[in-house]
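Engineer: Quick note, the sequences are listed as chains A and B, same order.
Just so we're aligned: the first sequence equals residues 1 to 485 in our numbering.
Just so we're aligned: the second sequence equals residues 1 to 206 in our numbering.
Honestly, I wouldn't trust all of these hints.
What the hints assert, rightly or not - Among the chain A residues that face chain B by a calculated CB cut under 10 Å, a handful are:
hint, residue
1, E73
2, F258
3, F266
4, N345
5, L346
6, G408
As the list claims (entries may be wrong) - Some chain B residues close to chain A (C-beta under 10 Å, calculated; not the full set):
hint, residue
7, P19
8, H46
9, T64
10, E65
11, Y67
12, A129
13, R168
Just so you know, these hints were derived from the structure itself, not from any lab.
Glycine included, every Cβ here is placed at the ideal spot set by N, Cα and C.
What follows is each chain in one-letter form.
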Amino acid sequence: MRYGNSRINGEGSGVVNSEPQLLFDKIWNSHCVASLGSGYDLIYIDRHMMHELASDVAFAMLSERGQSVRRPELTFATHDHVVSTAIERRDDSLPKNSSYITTLRDNTARHGIELFDLHSRDQGIVHVVAPELAIALPGQTFVCGDSHTCTVGGVGTASWGIGSSDVAHVLATQTLVQRRPSVFRIECNGCLPNGVVAKDLILALIGRYGAEAGTGHAIEYCGDTISTLPIEGRLTLCNLSIEMGARIGQVAPDDTTFEYLNGRRFAPTGLAWETAVGHWRDLNSDDGAQAVREERFNVSDLKPQITWGTSPAHVIDIDGRVPDPQDASDVQTRTGMEKALAYMNLVPRQKISDVRVDAVFIGSCANSRLSDLREAARVIKNRKVAKHVRALVVPGSTEVRRQAEAEGLDKIFLAAGFKWRQSGCSMCVAINDDRLESGQRCVSTSNRNFEGRQGKGSRTHLASPASAAAAALVGSICDHRVPLT
Amino acid sequence: MRPTASREYGGLAVSLFVPDIDTDTLIPIDYCINRERPNFDVGLFHSWRFNDDGTKKGDFVLNTERYSKSQVLIAGANFGCGSSREMAVWALCDFGIRCVIAPSFGEIFYNNCFQNDLLAAQVSDASAAALSEAVTSAKELQLVIDIDKNTIHSTATQTVPFELDSLRSEMLKRGINPIEATLTRSADISSYERADRIRRPWAYQR
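Given the sequences, and given the hints that come with them, work out the whole structure.
Structural biologist: In structure tokens, the structure reads:
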């Protein structure tokens, strides 16, 4: 499908588009400042969030060229990547990281950007606080110097991750030069079986379509499974779009979305809210609009999923067996699988259950919201973590932590032997002291099982909060749906 | 910071022909922090290049005498997937790599390459396999990369095309700074904002 200039700025400007459009194209077209040729557009960015790790270089790039921040009120910042998760944390809790915290504080103050500082009630992982505070809204373009920015597509945003140079570009111009992605539409139908959640679904989709199926695409998740999924589940689903190769993943906004956003700190209010909702109701794919790729996936028989290797596409059913590289269709895939098995210290065709684990991490922008913590606490209640397992719960934001404590979830985790921490990226990115020793094996609710991701030599198995919780109790990988022993 | 465009992207080639090499593998997070250009090369493929005690792993291809000064890297599909860390590109550049050839790339990494004058050359699966094979079997194969014709050739391989759109190509050839290029369109951005503020007033309120 080609888009002429007549479509640019078309949305809402009185131009009637008779041709059916996809959700993504509606958002993209309405944000196109100029067409640059070769498939590139200059795209206006509605909201930008920064964290301490990708921002210092971006600010340095600006000051080196004497450039200023064009629209500081459209950028927000928080500390998440390098911070300590200790209860009594300070700027210098981790001396090697402290300059990132103070530099972001200085830079945001200098440029008039709102910062959710270390002790702010709004502090948290960027992708958790963005929807929680309604900084991310339906139909917006939203970017951040972090690949998991696709998460907030769960509220109908077109959001994607960028590098530091592009962070500087957004600060200076409030735009990005972007190639228009094509749309990959995945329709999910059926009821998720008991004990099977959004995390299992997205892992299964990555396993089915591969780790680069989404490259060059914006993924739209649709179908009755998705429309009945609560917002937190949609955020988890969209979070791992980048693990399928797609920078953007999104779900069309609906009443569930509006109900979730209404009344949050940065949501429009009064008449502005009514006008906005009226506009947002048109943000869905029109009947007859065709995506470049369309797939259907029935979830009715889905089981809990867990990864065995070092790519998120290395995923199997919780009661399944590790695949054999000899069955791979090509040399490249076989080499990759052999390398992964060696790194993970697993053998072909072995059962994944009963593999002993050293650690369990419940947290990250994939699964650290209140519903995730409830799901884990339900499994853990009145039970104890296995003696050899180190278990950690890191809420996604200070607000999630507060809400969880208000309903007593912290007490359930602590009584079981979990550590209960302050919010941050923690053991998902392992820049602070939450990390594994070389050779240790962890069931993690995060989104990346790459070599060394949770510390040099660490071995990561990605799974849902309930699966991670069950592994902590049993001390090995297990199916949380059967009685735990 | 962006180096001056040199237009020379070829040179001694090395192959790491496995799929899905992610940016955490390209540079582990510990080597992303408290470092400045051009010193990110220490972290490049750190866990593949170095033992736990800091000594080099002699059998890793980039540690061998023959390939320690490589300028072109041939890799498997989905190269640079994962994290958006631009340090992955800086690590390759600081090591001396001028071009990465692969059947496909992680998209954020691909974008980051062109911000830093690193050529990401996308070739067919068959071309990548053939180049990898030739580089592995020949001694010190030099690849010549032509960004006017979008081709790769050498004394031991057939000429193969790579994909590079004209916007990226111009960025490399002319050493364009993207921010300065966009700032020339400030009037367009302002006029977009004025019109859009009427259409979507809530998007500008907070």
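Engineer: Using 10 Å as the Cβ threshold, decide whether E65 (chain B) counts as touching chain A.
Structural biologist: Violated, because the Cβ-Cβ distance from E65 (chain B) to chain A comes to roughly 24 Å (cut-off 10 Å).
Engineer: Tell me if N345 (chain A) is really an interface residue toward chain B, meaning its C-beta lies closer than 10 Å to one of theirs.
Structural biologist: Since chain B brings no Cβ nearer than about 15 Å to N345 (chain A), farther than 10 Å, the hint is violated.
Engineer: How about R168 (chain B): closest beta carbon in chain A under 10 Å, or not?
Structural biologist: With a closest approach of 8 Å, the R168 (chain B) hint holds.
Engineer: Does F266 (chain A) hold up as a contact with chain B if the rule is Cβ-Cβ below 10 Å?
Structural biologist: holds (5 Å)
Engineer: Hint validation: T64 (chain B) versus chain A, beta carbon distance must be below 10 Å. Holds or violated?
Structural biologist: violated (19 Å)
Engineer: Once the shortest beta carbon distance from L346 (chain A) to chain B is found, is it less than 10 Å?
Structural biologist: violated (17 Å)
Engineer: Would the hint on H46 (chain B) be counted as holding, given a Cβ-Cβ threshold of 10 Å to chain A?
Structural biologist: This interface hint holds because 8 Å falls under the 10 Å limit.
Engineer: Using 10 Å as the Cβ threshold, decide whether A129 (chain B) counts as touching chain A.
Structural biologist: Since chain A brings a Cβ to about 8 Å from A129 (chain B), closer than 10 Å, the hint holds.
Engineer: Does the closest beta carbon of chain B sit nearer than 10 Å to the beta carbon of G408 (chain A)?
Structural biologist: At about 34 Å, which exceeds the 10 Å cut-off, the nearest Cβ of chain B leaves the hint on G408 (chain A) violated.
Engineer: Using 10 Å as the Cβ threshold, decide whether E73 (chain A) counts as touching chain B.
Structural biologist: holds (6 Å)
Engineer: Hint validation: P19 (chain B) versus chain A, beta carbon distance must be below 10 Å. Holds or violated?
Structural biologist: P19 (chain B) check passes; min Cβ-Cβ to chain A is 5 Å, inside 10 Å.
Engineer: Against chain A, with CB atoms and a cut of 10 Å, does the hint on Y67 (chain B) hold up?
Structural biologist: Constraint on Y67 (chain B) not satisfied, violated at 18 Å.
Of the hints listed earlier, those the structure fails to meet are numbers 2, 4, 5, 6, 9, 10 and 11, in rising order.
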